[in-house]
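Trainee: Take a look at the letters that make up each chain.
Number of protein chains: 2
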Amino acid sequence: MKLSQLGEFGLIDEIKRIVGQSNSVTAGIGDDAAVVALDKKRYMLLTTDMLIEGVHFTAKDAPQAVGHKAMACNLSDIAAMGGVPKFALVSLGAPASMPVEKIKAVYRGMQRVARKFGVTIVGGDTNKNNKLVISVALTGEVKKKRLVTRAGARAGDVIFVSGALGDSYKSKHHLHFTPRLKEAAHLVKDLLPHAMIDISDGLVADLHHVLKAGGVGARIYEEAIRRRGGCSLKQALYDGEDFELLFTLTKKQTERFINTKPFFAYAIGKITPAKGRLELVTKDENIKILDNKGFRHF
Amino acid sequence: MKLSQLGEFGLIDEIKRIVGQSNSVTAGIGDDAAVVALDKKRYMLLTTDMLIEGVHFTAKDAPQAVGHKAMACNLSDIAAMGGVPKFALVSLGAPASMPVEKIKAVYRGMQRVARKFGVTIVGGDTNKNNKLVISVALTGEVKKKRLVTRAGARAGDVIFVSGALGDSYKSKHHLHFTPRLKEAAHLVKDLLPHAMIDISDGLVADLHHVLKAGGVGARIYEEAIRRRGGCSLKQALYDGEDFELLFTLTKKQTERFINTKPFFAYAIGKITPAKGRLELVTKDENIKILDNKGFRHF
Chain A
18 MKLSQLGEFG LIDEIKRIVG QSNSVTAGIG DDAAVVALDK KRYMLLTTDM LIEGVHFTAK
78 DAPQAVGHKA MACNLSDIAA MGGVPKFALV SLGAPASMPV EKIKAVYRGM QRVARKFGVT
138 IVGGDTNKNN KLVISVALTG EVKKKRLVTR AGARAGDVIF VSGALGDSYK SKHHLHFTPR
198 LKEAAHLVKD LLPHAMIDIS DGLVADLHHV LKAGGVGARI YEEAIRRRGG CSLKQALYDG
258 EDFELLFTLT KKQTERFINT KPFFAYAIGK ITPAKGRLEL VTKDENIKIL DNKGFRHF
Chain B
18 MKLSQLGEFG LIDEIKRIVG QSNSVTAGIG DDAAVVALDK KRYMLLTTDM LIEGVHFTAK
78 DAPQAVGHKA MACNLSDIAA MGGVPKFALV SLGAPASMPV EKIKAVYRGM QRVARKFGVT
138 IVGGDTNKNN KLVISVALTG EVKKKRLVTR AGARAGDVIF VSGALGDSYK SKHHLHFTPR
198 LKEAAHLVKD LLPHAMIDIS DGLVADLHHV LKAGGVGARI YEEAIRRRGG CSLKQALYDG
258 EDFELLFTLT KKQTERFINT KPFFAYAIGK ITPAKGRLEL VTKDENIKIL DNKGFRHF
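Order-wise, the sequence lines are chains A and B. Using this note's numbering, read the first sequence as starting at 18 and increasing by one per residue. Using this note's numbering, read the second sequence as starting at 18 and increasing by one per residue.
Just to be clear, a hint being listed does not mean it is correct.
A pair holds if it fits inside one copy or across any two, identical chains being indistinguishable in the list.
[Stated by the list, open to error] Mimicking DSS-like on lysine-lysine, the simulated pairs with C-alpha atoms at most 27 angstroms apart in a straight line are:
#	residue 1	residue 2
1	K305	K199
2	K251	K145
3	K206	K19
4	K229	K145
5	K33	K77
6	K206	K162
7	K33	K121
8	K189	K206
9	K160	K145
10	K133	K300
11	K229	K121
12	K58	K162
13	K33	K145
14	K189	K199
15	K33	K119
16	K58	K206
17	K133	K33
18	K148	K187
19	K119	K162
Derived from the structure by calculation, the hints contain no laboratory data. Everything numeric in this text was worked out from a predicted model, so none of it was measured.
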């Protein structure tokens with residue numbers, strides 16, 4: 018079987034089988050970041066994302082923006098766990114013919130957003146490659162009592178999203194987004210959502226991750242979903258690379274949340290008991306079942 | 018200026034300037050692994066290495082061996098700091114047409130050597146690419162009193178190397194080597210070398226790193242250098258990817274060391290006060306100056 022037939026999530030399942038799970042790991046392969054023991058009060062978070070020219074950005078994109086994205090998508094993963102990012106490692110492949118100024122601009126883009134959120138780039142590796150490849154690994158910390166994973170959504174929870182969705186790639190949002198670390202820190206401190214994830218694979222795919230991990234279903238409303246720059250519903254549902262937070266709150270938490278300022282997220286629907294079933298209520302009040310499709314890496 | 022003109026070490030200097038250094042970092046960009054605060058008694062170590070098809074391995078190499086190398090070269094970096102490796106993240110780029118069995122073999126190779134040394138693969142990222150690219154990031158721990166860096170060599174120290182050198186790529190040693198974690202653990206527990214590094218860029222290049230970091234020089238002996246499978250002196254000096262430990266011991270430590278069993282390293286020369294000067298004493302007792310050349314990534 019080829020990788021394209023198995024698909025990314027199939028591959029992740031195969032990897033889990035090979036790698037197994039250790040007792041020292043609280044949440045491993047599959048969540049936004051891995052969670053491992055640090056000390057009595059804290060967990061360490063570990064995440065990594067690789068950006069490849071021609072897949073996650075183009076040769077024409079501004080190198081500083083490419084660097085920004087390489088760091089920010091990792092920061093977004095730490096945000097999704099309620100964590101505080103700490104140290105980054107940067108592995109880079111680049112053509113020998115690339116102007117040094119371009120590489121430096123990539124690092125400046127990474128460094129700028131890293132510093133903004135208190136992260137230190139502590140090391141890395143540089144290699145010859147036919148095109149630009151950047152892999153960032155990031156550590157974080159989270160107080161044990163504030164850890165939020167994608168598991169834990171309960172029937173009755175209200176589903177929130179922190180921003181508009183869709184058309185991230187063409188609009189260049191994916192190169193300039195602000196990782197939702199401040200919003201996530203506020204959420205875990207004041208409310209502690211049952212479940213949280215960052216929308217990187219697309220709303221439908223990532224909501225399905227939440228439903229699978231929690232053994233629940235969801236009903237979302239077409240009219241509630243905010244679309245970036247007038248993009249289509251389909252784009253808002255499936256495009257991916259939005260890097261917004263999706264989280265679920267009880268009704269009581271929801272009442273508190275909608276009274277906080279600044280109000281940075283909007284409700285798109287509710288968690289239901291219908292395991293794995295994702296329903297979309299259309300404008301004309303029909304119900305569509307949205308199966309687990311989204312951005313596929315293979 | 019192009020990357021090929023600046024060179025890898027020039028690029029690293031530029032990156033250091035952009036990234037700066039934080040107070041929380043004891044040893045950052047430039048050593049085998051970054052050293053950051055963990056708790057009162059321990060440092061955390063962080064390292065990463067990226068392997069690219071056509072640069073660090075070929076499409077014909079056994080995928081399990083490629084996986085082994087991807088993990089083992091990171092383990093070697095943790096060994097060089099006297100540390101204990103803990104958690105790994107794996108970022109992968111692979112063609113959609115690649116057989117799933119091949120990818121699984123890569124992961125089995127990583128997992129086998131990871132488990133052998135107590136490491137858990139906790140997460141990662143998978144992406145589409147035109148060829149196989151593997152980036153591993155690895156954390157480790159070291160007791161503060163046992164940390165060894167590449168800095169600290171003193172005039173009079175004896176220089177040791179843990180195995181034969183040269184011809185690693187063609188002989189496939191680079192795909193099958195055992196990272197020297199056990200040897201390093203023994204060294205830091207019993208002796209605590211002044212300086213230690215793993216030989217990845219080549220003996221001359223990595224010894225120059227030690228000389229630069231310590232503000233010292235060295236004199237090494239052609240006859241003392243063990244060559245892999247009868248390769249040339251030039252290969253033993255410059256090839257790289259040996260993944261052996263190079264470390265320095267005082268005369269007193271040396272006496273203790275050569276009486277330990279098993280004896281896993283041999284002396285190649287001495288540290289001198291001649292800052293930055295690396296002398297090779299040839300078989301016919303001439304002295305050659307070896308400047309800072311070696312494997313170049315660009």
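Trainee: Against this structure, judge whether each hint is valid.
Mentor: Against the structure, the hints come out as follows:
1. For the identical chains of this complex, K305 and K199 are neighbours neither inside a copy (34 angstroms) nor across copies (59 angstroms), given an alpha-carbon limit of 27 angstroms.
2. In this assembly of identical chains, K251 and K145 lie within 27 angstroms of each other by CA distance solely across copies; the values are 23 angstroms between and 39 angstroms within a copy.
3. Taking the closest pair of Cα atoms, K206 and K19 never come within 27 angstroms of each other, the shortest separation being 45 angstroms inside a single copy and 48 angstroms across copies.
4. Taking the shortest alpha-carbon separations for K229 and K145, only the inter-copy value of 25 angstroms comes in at or below 27 angstroms, while the best intra-copy value is 40 angstroms.
5. Taking identical chains as interchangeable, the C-alpha atoms of K33 and K77 lie at most 27 angstroms apart only when they sit on different chains, with a minimum of 26 angstroms there against 36 angstroms within one chain.
6. Within a single copy, K206 and K162 get their C-alpha atoms as close as 9 angstroms, which meets the 27 angstroms cut-off; across copies the closest is 37 angstroms, which misses it.
7. In this assembly of identical chains, K33 and K121 lie within 27 angstroms of each other by CA distance solely across copies; the values are 10 angstroms between and 36 angstroms within a copy.
8. Taking identical chains as interchangeable, the C-alpha atoms of K189 and K206 are never at most 27 angstroms apart, the minima being 32 angstroms within one chain and 53 angstroms between chains.
9. For the identical chains of this complex, K160 and K145 are neighbours neither inside a copy (40 angstroms) nor across copies (35 angstroms), given an alpha-carbon limit of 27 angstroms.
10. For a Cα distance limit of 27 angstroms, the shortest separation of K133 from K300 qualifies neither inside one copy, at 41 angstroms, nor across copies, at 57 angstroms.
11. When the C-alpha separation of K229 and K121 is checked against a cutoff of 27 angstroms, the pair qualifies only between copies, where the shortest distance is 24 angstroms, while the shortest distance within a copy is 42 angstroms.
12. Taking the shortest Cα distances, K58 and K162 sit within 27 angstroms of each other both inside one copy (8 angstroms) and across copies (25 angstroms).
13. Taking the shortest Cα distances, K33 and K145 sit within 27 angstroms of each other only across copies (19 angstroms), while inside one copy they are farther apart (30 angstroms).
14. Only within a single protomer do K189 and K199 lie at most 27 angstroms apart by alpha-carbon distance; the minimum there is 22 angstroms, versus 49 angstroms between protomers.
15. For a Cα distance limit of 27 angstroms, the shortest separation of K33 from K119 across copies, 16 angstroms, qualifies, whereas the shortest one inside one copy, 37 angstroms, does not.
16. Proximity of K58 to K206 under the C-alpha cut-off of 27 angstroms is restricted to the intra-copy arrangement: shortest distance 15 angstroms within a copy versus 30 angstroms between copies.
17. Taking identical chains as interchangeable, the C-alpha atoms of K133 and K33 lie at most 27 angstroms apart only when they sit on different chains, with a minimum of 18 angstroms there against 34 angstroms within one chain.
18. In this homomeric assembly, K148 and K187 come within 27 angstroms of each other (Cα to Cα) both inside a single copy, at 21 angstroms, and across copies, at 25 angstroms.
19. When the C-alpha separation of K119 and K162 is checked against a cutoff of 27 angstroms, the pair qualifies neither within a copy, at 43 angstroms, nor between copies, at 41 angstroms.
In the structure shown, a violation is registered for the earlier hints numbered 1, 3, 8, 9, 10 and 19, in ascending order.
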